[in-house]
Amino acid sequence: MKIEYGKLYDADMIHPLEFDAARAIQSVPVYDWLGKQAAQIMKNLDDLPEAAARWFPVNRYTAPRLYALYRLALKRLNCAEEYPLFLKNGYDLTAEVRGSRSQGHMIAVNDACAETLDDGELLALFGQQIGHIRADHTQQTELLGLLEKSAGQIPMMGTLIGKKLWAYFADWLIASRFTADRAALFAAQSVLSAESLLLRQAGLDPRSPEAEQAISQEIVRGETKPGVYFIRMLHEMPAFGSIERIQTLRAWVRSEDMKQKYPQVYYQCRLELNDAPADAADESLLRLHAAALDGSAKAALLLGSRYIRGDGLPMSASAAADLFLRAAYRGDPAAMRFLAGFMRHGIEGMTDDKKTVGQLYRAAISRGLKASGAEEYPPLPENARLAALAGEMAQKYGSLCDRDAQIVKDAFWIPKGDAVYACMTESDASGAVYGTAVASTGIYGRRDEGSLPFLVTWEQFETGDLYSRETDAGRWLFSGSVPILRKPESMRGTAAEMLLLFKSGKA
Amino acid sequence: MKNGVIDIGDYIHPEERAATERIMALTQAAGWSESAMGEGLDETNLYILSSSCYHLPPEHPLARMAAEEAERFGLEEPPRLYIARRFSYDPQPGGYRVPTVVIPSVLTEENDLSMIRCRIIAAVAGVRAGHHRLEHMIWLAENMSGTIPLPFAPQAALALLYEWKRAMRYSQDRAVWLATGNLKEALRNILYGTVPREMLDRFDFGPEGTFVPQVERYGRGIMQKTAGAFAGLMQDYAHLPERYARLTRFAQGGAGE
Chain V
1 MKIEYGKLYD ADMIHPLEFD AARAIQSVPV YDWLGKQAAQ IMKNLDDLPE
51 AAARWFPVNR YTAPRLYALY RLALKRLNCA EEYPLFLKNG YDLTAEVRGS
101 RSQGHMIAVN DACAETLDDG ELLALFGQQI GHIRADHTQQ TELLGLLEKS
151 AGQIPMMGTL IGKKLWAYFA DWLIASRFTA DRAALFAAQS VLSAESLLLR
201 QAGLDPRSPE AEQAISQEIV RGETKPGVYF IRMLHEMPAF GSIERIQTLR
251 AWVRSEDMKQ KYPQVYYQCR LELNDAPADA ADESLLRLHA AALDGSAKAA
301 LLLGSRYIRG DGLPMSASAA ADLFLRAAYR GDPAAMRFLA GFMRHGIEGM
351 TDDKKTVGQL YRAAISRGLK ASGAEEYPPL PENARLAALA GEMAQKYGSL
401 CDRDAQIVKD AFWIPKGDAV YACMTESDAS GAVYGTAVAS TGIYGRRDEG
451 SLPFLVTWEQ FETGDLYSRE TDAGRWLFSG SVPILRKPES MRGTAAEMLL
501 LFKSGKA
Chain H
1 MKNGVIDIGD YIHPEERAAT ERIMALTQAA GWSESAMGEG LDETNLYILS
51 SSCYHLPPEH PLARMAAEEA ERFGLEEPPR LYIARRFSYD PQPGGYRVPT
101 VVIPSVLTEE NDLSMIRCRI IAAVAGVRAG HHRLEHMIWL AENMSGTIPL
151 PFAPQAALAL LYEWKRAMRY SQDRAVWLAT GNLKEALRNI LYGTVPREML
201 DRFDFGPEGT FVPQVERYGR GIMQKTAGAF AGLMQDYAHL PERYARLTRF
251 AQGGAGE
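Chains V and H supply the protein sequences, listed in that same order. Residue numbers for the first sequence follow my numbering, beginning at 1 and rising by one. Residue numbers for the second sequence follow my numbering, beginning at 1 and rising by one.
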């Protein structure tokens, strides 16, 4: 199971070299004035519609896989704005961001990416582009483009001066890519996916022995500042700096800074990179993280408690919350109680949602949790009519096996003693389970990676409206205001049919 | 050829030699050439390549192949080889004092060893003849042409450089033939990467081959006779039938070739 990387703060996303390079550029006296003039010009520019007309729009109908991954990348990078996404013809495994602060932004991905890259690599690619937007790189590159065009008006040497300008920004251009890769890491939530993208962009098969050699090759950087040829070579190398970027990204994920600020990311990356432990304590922590990542609820709970206490690890409520969640999704009652406590006290941005807290406590109590105040959460009532309907449907279509029932009970925080009549679930590559389960005390489920399990009791279901509605994630059945189930192609014998029959009273 | 080493004189096409002499006679040429060092061309080139592409170590089969060809063409050191994702099948020379060659991944992915060898021979022979240096000059000229304050002078300068660029291809084709000793392979190399593979595999190469009628049609073509001179000012690439015909004539010891 993958860890939740948590929020990547802008201050951590911007690579220190980019700060330095930007400072050096801004120290030029005319920079401010030029920037203001360029911003004024950019306000009056409106070339996005023209570009958009030439490209193929990506949405959930035209390219569902790409679109879903793009939305996931936006979510993982806490990006509220959805920039228009397009496909364009291109052989390089790259994408580009167009726009500026005043115009807004859009992203165009080369069609070769959709054909060649796997999900993790595409997430990294989207992460790079979102990172460029979040770090305001487009503003700077637009400014550069404008400066180049303006310089071109100078008689005689104008074009050359324009080209030379890019060399002046060389350090910034290089460092801005390091920044984008940090966003790519957080979007893909895997250092290997971020690296794999860069290797493919460099024309290498990530699994080949050449890839490993390339990652450790020496970067030759001389003393002389890049001159006019820099821009020529930059244009010839669309995936500029791939090898150096991998080295820089690796240095960051293995850094003390990463360990202190994003300790779980630090350990997951080290496990992915197969790093040797520094000493016995390090080895034990790596093992514990590996076990937690492999789905051991016990290891996740133990590790979460150590993050809370700062026991041999940096104190991190966010890491603890993630680990308790991980253990809770595996049905660990102590982790469920910890999580409920986090919610009650608003720790790590968790809201005091009484319904979810109740769901957690009921699930934990049914799994043997002994805690004071447990009597506040008596079991929810069952529904006899539904039980009868479920019996009929089970005769017709068969019933869920115990093992599957147990998995959804743990994943959706359903009390252990509940009967699960039907479910519609899917799991991702990391083993997380999403979907809906119809149980004796209500409808339970979890919609996606970014959401917690939900519950609609039978009382709420019977009194609320049942209707279907188009959402960004496809067509869903709603009960009241809660989207409870993704509508299947065929209803026959599904949880959806069971709910519709139950609601219509035809049982 | 002396002691198995192919001399520049053996393969440089007369048109390339003439164009190079005319370029070097230009007063600006030496200055532009020198400016490469001041602009950190080699350092920038090495930085960008080493940070972006896989640098083939000497023990890599392709690096060994390049080393053998470098010896054949009398180069003291083979050029540094890199692999990058490129759609063009042509290895790209670069650098100035430290020559580099970027091999496109599309070429290695097809794994047609005889064609890979032909392209490496062309690149190595090109480095021996200093093609990588003039390539930079073309780019510089395209951007510097505004500095020449005489009407049509920029176009004339570029036309001269383009003429060299076309002729440089004829020289490389010759080098491939001389190094491989296999005319069919050298002719196939000209069309490889442009003609679809399944068609290319059905071609019969050589003086009587299936491409010859097209070469002859090209020779009779109107572009060649009337607009050819004008088009020559603008084109920096040599037409495939032209390369095919010239190499065939050269291999047959034809006059002017």
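Calculated directly from the structure, the hints in this document are not laboratory data. Quick caveat, the model's predicted, so the values are computed rather than measured. Keep in mind that a hint or two might mislead.
Cross-link-like lysine-lysine pairs, in silico, DSS-like; alpha carbons within 30 Å at most [as the list claims (entries may be wrong)]:
#1 V:K75 with V:K396
#2 V:K7 with V:K370
#3 V:K164 with H:K165
#4 H:K165 with V:K149
#5 V:K355 with V:K370
#6 V:K370 with V:K259
Are the Cα positions of K355 (chain V) and K370 (chain V) separated by 30 Å at most?
-> The given pair, whose Cα atoms are some 20 Å apart, holds under the 30 Å limit.
Hint consistency between K75 (chain V) and K396 (chain V) [alpha-carbon to alpha-carbon, up to 30 Å] | violated, 41 Å
Hey, K165 (chain H) versus K149 (chain V), does the alpha-carbon distance stay inside 30 Å?
-> holds, 28 Å
Taking 30 Å as the top limit, are the C-alpha atoms of K164 (chain V) and K165 (chain H) close enough?
-> holds, 25 Å
Going straight from one Cα to the other, do K370 (chain V) and K259 (chain V) come out at no more than 30 Å?
-> Violated - the C-alpha atoms of K259 (chain V) and K370 (chain V) are around 35 Å apart, more than 30 Å.
Keeping to a limit of 30 Å between CA atoms, is the pair of K7 (chain V) and K370 (chain V) held or broken?
-> violated, 34 Å
Going through the hint list in order, the structure does not satisfy hints 1, 2, 6.
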